[in-house]
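Using the hints provided, position chains B, C and D relative to the given structure of chain A.
Number of protein chains: 4
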Amino acid sequence: MRTDRAILRLSVEARPQFYDCDPMGVVWHGNYPRFLELGRVAMLEKIDYGYAAMSESGYAWPVVDMGLKYAQPIRFGQKIEIETALVEWENRLKFNFEIRDLETRRRLTRAHSVHVAVDMKTEQMLWETPPILRKKLEPFL
Amino acid sequence: MRTDRAILRLSVEARPQFYDCDPMGVVWHGNYPRFLELGRVAMLEKIDYGYAAMSESGYAWPVVDMGLKYAQPIRFGQKIEIETALVEWENRLKFNFEIRDLETRRRLTRAHSVHVAVDMKTEQMLWETPPILRKKLEPFL
Amino acid sequence: MRTDRAILRLSVEARPQFYDCDPMGVVWHGNYPRFLELGRVAMLEKIDYGYAAMSESGYAWPVVDMGLKYAQPIRFGQKIEIETALVEWENRLKFNFEIRDLETRRRLTRAHSVHVAVDMKTEQMLWETPPILRKKLEPFL
Amino acid sequence: MRTDRAILRLSVEARPQFYDCDPMGVVWHGNYPRFLELGRVAMLEKIDYGYAAMSESGYAWPVVDMGLKYAQPIRFGQKIEIETALVEWENRLKFNFEIRDLETRRRLTRAHSVHVAVDMKTEQMLWETPPILRKKLEPFL
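Protein chains in written order, with this note's numbering: chain A, -17 to 123; chain B, -17 to 123; chain C, -17 to 123; chain D, -17 to 123.
Hint data in this document are derived by calculation from the structure and do not stem from the laboratory. For clarity, every value in this text was computed on a predicted model and none was experimentally measured. Just so you know, not all the hints are guaranteed correct.
Identical copies carry no separate label here, and so any pair may be met within one copy or between two of them.
Unchecked claim - Pairs of lysine-lysine, DSS-like flavour, derived with a Cα cap of 30 Å:
#, residue 1, residue 2
1, Lys103, Lys61
2, Lys51, Lys76
3, Lys51, Lys28
4, Lys61, Lys28
5, Lys51, Lys117
6, Lys117, Lys61
7, Lys51, Lys103
8, Lys76, Lys103
9, Lys76, Lys117
Bound-form chain A, shown alone (with noise of 0.2 Å):
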């Protein structure tokens, strides 16, 4: 998150329910993927990218690369805020994440995700971003 530079960044609210913990009452490490997800969501939303936007693009963005630093575990009951960065974004997807508690703003987990964009008639991974995702970013740049 320092050494990057954030083109966007945004933050949502998430409360980890029952079923995100384990036996030790914490968010299960292999349930965080769910909330960058949020996260991501939210960032490409505000872009006007989301799911629908990118299937009518014609591409998809599958992610390569993801991890994830625990600093602190997410207890039950507690709620937590998603920071969400771009960080990337001229040959590939870069996102920053970082999970705090939601009132003290104690962060607890540090994550990336990189994603690339697959044209999906010719199921080709491309090594430059495509002109669409340009042109959604343009106000932001």
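Structure of chains B, C and D alone, referenced to chain A:
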């Protein structure tokens, strides 16, 4: 399980994982449908009508009804057996399930699921089992 | 929903995510219990008997029965409303649910769940609702 | 997998299910941690330090770091092999993973997870592996 005559019956073993369990240390009730799926998949493959064969046949079989009676919790570390019985097939598919402790054979859960055929071209629900399934079931009737 | 008299009733909105959906492009039937949980949690918090209050009260309320009727699929991108009704409370808790399309109000799913009180010290199931829950419900009866 | 010397290495087979897959017909990227868990559990049981033994030993081993590189999608119906290698153990546990197609042996995913010991009485993180784990690993060093 008692009132319905089973056309076919089989058991699969499963082992609930840490991520299946909730802060009470037992499998979260909403994760049981994954166990039923394991039993149903085994049954459909036994009659050579697994997902790939279904898809080729031009029909999907969405669940229209599912019910579960949780008599005993499934604790983390407990190994289980899922017995699946096919009890209806002429107009729809109905499966009955019993989940038992693998060692003691004590019954933990009873469940059922009901599925109807949908013609994937017309997206119409069928009120009778299509010939392809009758043919698959013939050796077992 | 029709036959049971509701003591309490409320609606929450939800938005199924990409990860809730299966290769048919609809919410996988086994993911619906998560939606029911959202409605139930909202209801229990309304009567000031959420998970924290439950735990303090010394009782757990495991699910003993759950049933779902899937009338229409929930498609990816569809926003939904989960109406929860408390229809029994004297000996056990019974909730009825209706999931509807948020825009059209068309009913998609009907469901119910039944819960019994377990004394967390003795691990005994109770055949009558403990006084604490009666007290919480009093303002609504 | 290449740079770290593995102390222990083993493979487990798995079969992604319908409910693991998303509307693109591939395993949703956020469901992979469940596969890593299968490999890790097998490894820890091999050294007789599964969840029950951990719990008895008085330590928990939360994940502090997890990373995944998705080279190829895992398609519905594809059977996979999860190779798990224990590559660090002196101060923390580090596992490397490779997910491969079971038939072709083509590598689909590389991943890692890092775990630290937490003393369950004091809730303090340990900077060195506790003696119990050293003893469990001794036969393999």
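Hints, verified against the model:
1. Proximity of Lys103 to Lys61 under the C-alpha cut-off of 30 Å is restricted to the inter-copy arrangement: shortest distance 26 Å between copies versus 41 Å within a copy.
2. Taking identical chains as interchangeable, the C-alpha atoms of Lys51 and Lys76 lie at most 30 Å apart whether they share a chain (16 Å) or sit on different chains (14 Å).
3. Taking the shortest Cα distances, Lys51 and Lys28 sit within 30 Å of each other both inside one copy (26 Å) and across copies (27 Å).
4. Taking the closest pair of Cα atoms, Lys61 and Lys28 come within 30 Å of each other both inside a single copy (23 Å) and across two copies (18 Å).
5. In this assembly of identical chains, the alpha carbons of Lys51 and Lys117 lie at most 30 Å apart only when taken from different copies (29 Å versus 33 Å within one copy).
6. Taking identical chains as interchangeable, the C-alpha atoms of Lys117 and Lys61 lie at most 30 Å apart only when they sit on different chains, with a minimum of 28 Å there against 35 Å within one chain.
7. Taking identical chains as interchangeable, the C-alpha atoms of Lys51 and Lys103 lie at most 30 Å apart only when they sit on different chains, with a minimum of 24 Å there against 36 Å within one chain.
8. Taking the shortest Cα distances, Lys76 and Lys103 sit within 30 Å of each other inside one copy (24 Å), while across copies they are farther apart (39 Å).
9. Proximity of Lys76 and Lys117 under a CA criterion of 30 Å is satisfied intra-copy only: 17 Å inside one chain copy versus 43 Å between copies.
Checked against the numbered hints listed earlier, the structure breaks none of them; every hint is satisfied.
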